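*Asks:* Okay, here's what each chain looks like letter by letter:
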Amino acid sequence: MTLNVAVCIKRVPETGARITLTADEQEIDTSYLGFTISPHEECAVEEALRLVQLHGGTTTAVTLGPPAAAEQLRNAVAMGVESALLLVTERSDWDPQATAAALTEALRDGGHDLLLFGNESADSGGYQVGIRVAHALGLPCVTGVKHIEIADGTATVRREEGGGWEIFEVTLPAVLTVKEGINLPRYASLPGRLRAKKTEIALVEPAWREGDLRKQRLVVPEEQGSHVEMLGDGRAAAPRIVDVLKELGVA
Amino acid sequence: MILCLVEPGQLSREALAFAQRLGPVQAFSIDAGEAYAPGAWATAIVQLIEQHSPDAVVAAASDRGQEAMAHAAARLDLPLAANCVSAEPGEPWRVVRQRWGGSLLEEATLSGAVKLLTVAQHVVGAADPVPVEPFTPELSEADLAVRVVRREEPPPGTVSLTDARVVVGGGRGVGSAEGFELLEELAELLGGAVGGSRVVTNLGWRAHADQVGQTGARIAPDLYIACGISGAIQHIVGCKGAKKILAINKDPHAPMIARSDYAVVGDLHEVVAAVIEELRR
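Heads up: the protein sequence lines correspond to chains A and B, in order. Position 122, counted from 1, in the first sequence is what my numbering calls 122; the numbers after and before it change by one each time, with no gaps. Count along the second sequence from 1, add 1000, and you get the number used in my numbering.
If you are wondering where the hints come from, they were derived from the structure by calculation, not from laboratory data. Bear in mind the structure is a predicted one, so any value in this text is a computation, not a measurement. All residues carry an ideal CB built from backbone N, CA and C; glycine is no exception. Take the hints with a grain of salt, since some may be wrong.
[To be verified] Derived DEER-like restraints, expressed as beta-carbon distance ranges: (1) 1222(B) / 236(A): 38 to 46 Å; (2) 1021(B) / 149(A): 40 to 48 Å; (3) 1077(B) / 167(A): 28 to 36 Å; (4) 90(A) / 1128(B): 45 to 53 Å.
Model the full assembly from the supplied sequences, consistent with the hints where possible.
*Replies:* Here you go:
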């Protein structure tokens, strides 16, 4: 059986060592930041490509976001995904329920065997969009997945739990939300990049619904001002380090 | 009334303390059979809501808490505020929740017939134990369709990153997979575990299971020794639970140094080798 896989991804800023907000405190100031596919979802893209390499089939990347989110869809295409769908919106006030409803409508008639999501997005971290889409489509769902094997229309998946593994078996079609570590995402190839430039991205305007979880403003938490004790430079610091290890009771 | 879901462990006692600030609490544990099934837990939450009409349901932001609450929210088409650090009942409720693993906070309003919240890890002190009523839901076959069919336990005697008293972490500065041998040696001397930044696991120098960070393990050792790690937000999220941090870095301006309690400026290979020598004396 070949697999028709859709991967839902999210455009997020590449934060460095410090987060700065816009003046209205509604967004992260991204004037000096690049954007990327949220890490768990980049692994979902890689997993889709590996599964289709193994079983044959097709891959589609889907995102809801501003017109600029086409960049992340093109990144997915450059990695090897065949087609891309952008649920394009200028609004930024999509809560998890609204996002899931829009994705559900877009995926409902896609005939997908597998819908892959990230376990949670790097930025808003709601831990629920994949689960909500699964419910709306009446599909089984496993979250936090770190290994997928597919045979005879059944996915056997593993996830970490208490240092060990929990193993689930679900019948396809199914929704799986994956975590980083399931694979190491490939770099885009040069032919992939060229193809990504030329690929036409399908555009749909999703229907927005008023959310019940409404962001009012963002706040950068105060850093607990830690006092740094300098123990010295280079190897000469070793005796002092060992003193500290003993003071802390770890050596 | 606030309904609090209680699992074994510290996180649920934190969730309980969070719930107690919101109003009178009734605490329940879910008894839905031996094999964990997210659908069965969701059904339990839905039936508890039907039977007790709480104002809110509060659970820990544990893997299961997060998953079961999201399933229940999806079934009831209710909003779910994940990873809350505080909440204030009212019309609507006001919540503060974590974004970016806690590097950023979001103030939000939460409406809906019943408020569903999960409580961010380690931001609220644990409550004293209270009586917890076990709840056995009435389940249908569909609730058990997705369930754990098998478990694999970790090899005995493994020091896991999340339980270790000392973690020795390495970043790009370690330079190679082989460079970690030195860190392994130090960790062994201290009875600790070795971790790495996301850069290191992405480069394949360490397995992803060793990653300390927003997309890896959140550690809480007595001491974290950060070697050649610059200190991106992604990494800080994973190690800020450490009681003390010792940073070793060539760059005195590395953000990791500003976030540490003790710092050494220098080449980590030289410093770590000298520390090992000193410990062996």
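*Asks:* Against this structure, judge whether each hint is valid.
*Replies:* Tested hints:
no.: 1; hint: 1222(B) / 236(A): 38 to 46 Å; result: violated (25 Å)
no.: 2; hint: 1021(B) / 149(A): 40 to 48 Å; result: holds (45 Å)
no.: 3; hint: 1077(B) / 167(A): 28 to 36 Å; result: holds (31 Å)
no.: 4; hint: 90(A) / 1128(B): 45 to 53 Å; result: holds (50 Å)
Of the numbered hints given earlier, the model fails hint 1 alone.
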